[in-house]
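Produce the complete structure using the sequences and hints provided.
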Amino acid sequence: MQENPWQEFPDLVHLTCPSIQTAKEDLTHVVEQLFSVAETEGEEEEEGAKPQVLWSMYFNMRDSSSLDRSSYDNLPSNMYVCSGPDGALGNDCAVKQAEAIFQEMFPSEEFCPPPPNPEDIIYDGDGTQPEDPGFSNPSEGKAEKVPEKNLEERPPEE
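Residue numbering for the sequence shown follows the UniProt record's numbering, beginning at 1 and increasing consecutively.
Among the hints, erroneous ones may be present.
[What the hints assert, rightly or not] Now the in silico label distances, taken between C-beta atoms and shown as ranges:
#1 Leu-54 <-> Tyr-80: 53 to 59 angstroms
#2 Ala-23 <-> Asp-68: 25 to 31 angstroms
#3 Glu-110 <-> Gln-52: 51 to 57 angstroms
#4 Gln-103 <-> Val-13: 17 to 23 angstroms
#5 Ala-49 <-> Leu-27: 17 to 23 angstroms
#6 Leu-12 <-> Gly-87: 15 to 21 angstroms
#7 Glu-110 <-> Glu-8: 49 to 55 angstroms
[Said to hold, decoys possible] Cut-off 25 angstroms, straight-line C-alpha distance, at most; resulting in silico cross-link-like pairs (SDA-like, lysine to any residue):
#8 Lys-24 <-> Tyr-80
#9 Lys-50 <-> Leu-67
#10 Lys-50 <-> Leu-12
#11 Lys-96 <-> Leu-67
#12 Lys-24 <-> Ala-88
#13 Lys-96 <-> Arg-62
#14 Lys-96 <-> Pro-107
#15 Lys-50 <-> Glu-109
#16 Lys-96 <-> Ser-70
#17 Lys-50 <-> Ser-71
#18 Lys-24 <-> Gln-52
#19 Lys-50 <-> Arg-62
#20 Lys-96 <-> Glu-109
#21 Lys-24 <-> Ser-36
#22 Lys-24 <-> Asp-11
#23 Lys-50 <-> Thr-28
#24 Lys-50 <-> Val-31
#25 Lys-50 <-> Arg-69
#26 Lys-24 <-> Ser-65
#27 Lys-96 <-> Ser-56
#28 Lys-24 <-> His-14
#29 Lys-24 <-> Asp-68
#30 Lys-96 <-> Asn-78
#31 Lys-96 <-> Leu-75
#32 Lys-24 <-> Met-61
#33 Lys-96 <-> Asp-120
#34 Lys-50 <-> Ser-70
#35 Lys-50 <-> Ser-36
#36 Lys-50 <-> Ser-65
#37 Lys-96 <-> Ser-71
#38 Lys-50 <-> Gln-33
#39 Lys-24 <-> Ser-56
#40 Lys-96 <-> Gly-84
Bear in mind the hints are in silico, worked out from the structure with no lab data behind them.
Where is the CB? At the ideal position from N, CA and C, for every residue including glycine.
This is how it looks when you write it as structure tokens:
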């Protein structure tokens, strides 16, 4: 009898869908199609069985992706409102919203300009860095070197 390969490496599976009812009511039928959900402990698994659910949790998450500044009363003019995550994978919505807020704040500036081509960067002088460029602890570069001891040397015999 061959061992079930699903038992060797447990996986985390996250299922997401727009809510119609509760998360459990929306997803239970999908979980039952994909996985073996044992009702009692110690049930025998048949060969070629579906992966066993070890633990499950269902929760509903409020979609806060469509919040608007007008939904808040008496906000100061210099306060900007960002909505929460949407149901899509990725960050496209958040990036678009960040760009819109940035354009309100700085209308003449470019949002996230591309970095310069490294070949186009011009270095002044001979290309060496100053002694203390300001990125390190000032005492780091001025530390006194201590001569290393040879651990294989034996102390002098008396």
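Hint check results:
1. Leu-54 <-> Tyr-80: 53 to 59 angstroms: Given range 53 to 59 angstroms: violated, Cβ gap about 43 angstroms.
2. Ala-23 <-> Asp-68: 25 to 31 angstroms: holds, 26 angstroms
3. Glu-110 <-> Gln-52: 51 to 57 angstroms: Roughly 53 angstroms apart at Cβ, these two residues keep to the hinted range, so it holds.
4. Gln-103 <-> Val-13: 17 to 23 angstroms: violated, 40 angstroms
5. Ala-49 <-> Leu-27: 17 to 23 angstroms: holds, 20 angstroms
6. Leu-12 <-> Gly-87: 15 to 21 angstroms: Given about 19 angstroms between the Cβ atoms, the range holds.
7. Glu-110 <-> Glu-8: 49 to 55 angstroms: At roughly 52 angstroms between Cβ atoms, Glu-8 and Glu-110 fall inside 49 to 55 angstroms, so the hint holds.
8. Lys-24 <-> Tyr-80: Violated. Lys-24 to Tyr-80 sits at ~36 angstroms, over the 25 angstroms cutoff.
9. Lys-50 <-> Leu-67: Violated, because 41 angstroms separates the two Cα atoms, which is more than 25 angstroms.
10. Lys-50 <-> Leu-12: Judged against 25 angstroms, a Cα distance of about 15 angstroms means the pair holds.
11. Lys-96 <-> Leu-67: Roughly 14 angstroms between the alpha carbons, so the hint for Lys-96 and Leu-67 holds.
12. Lys-24 <-> Ala-88: holds, 20 angstroms
13. Lys-96 <-> Arg-62: Holds. Lys-96 to Arg-62 sits at ~20 angstroms (cutoff 25 angstroms).
14. Lys-96 <-> Pro-107: Distance of about 15 angstroms is within 25 angstroms: holds.
15. Lys-50 <-> Glu-109: violated, 55 angstroms
16. Lys-96 <-> Ser-70: holds, 19 angstroms
17. Lys-50 <-> Ser-71: violated, 47 angstroms
18. Lys-24 <-> Gln-52: It holds: about 18 angstroms lies between the C-alpha atoms, which stays within 25 angstroms.
19. Lys-50 <-> Arg-62: violated, 32 angstroms
20. Lys-96 <-> Glu-109: holds, 16 angstroms
21. Lys-24 <-> Ser-36: holds, 16 angstroms
22. Lys-24 <-> Asp-11: holds, 20 angstroms
23. Lys-50 <-> Thr-28: holds, 15 angstroms
24. Lys-50 <-> Val-31: holds, 11 angstroms
25. Lys-50 <-> Arg-69: Status violated; Cα separation ~48 angstroms.
26. Lys-24 <-> Ser-65: holds, 22 angstroms
27. Lys-96 <-> Ser-56: At roughly 34 angstroms apart (the allowed maximum being 25 angstroms), Ser-56 and Lys-96 break the hint.
28. Lys-24 <-> His-14: holds, 13 angstroms
29. Lys-24 <-> Asp-68: violated, 30 angstroms
30. Lys-96 <-> Asn-78: holds, 20 angstroms
31. Lys-96 <-> Leu-75: Holds, at roughly 22 angstroms.
32. Lys-24 <-> Met-61: holds, 12 angstroms
33. Lys-96 <-> Asp-120: The given pair, whose Cα atoms are some 29 angstroms apart, is violated under the 25 angstroms limit.
34. Lys-50 <-> Ser-70: violated, 50 angstroms
35. Lys-50 <-> Ser-36: holds, 5 angstroms
36. Lys-50 <-> Ser-65: violated, 36 angstroms
37. Lys-96 <-> Ser-71: holds, 20 angstroms
38. Lys-50 <-> Gln-33: holds, 9 angstroms
39. Lys-24 <-> Ser-56: holds, 10 angstroms
40. Lys-96 <-> Gly-84: Distance of about 13 angstroms is within 25 angstroms: holds.
Comparing the model with each earlier hint shows violations of hints 1, 4, 8, 9, 15, 17, 19, 25, 27, 29, 33, 34 and 36; every other hint is respected.
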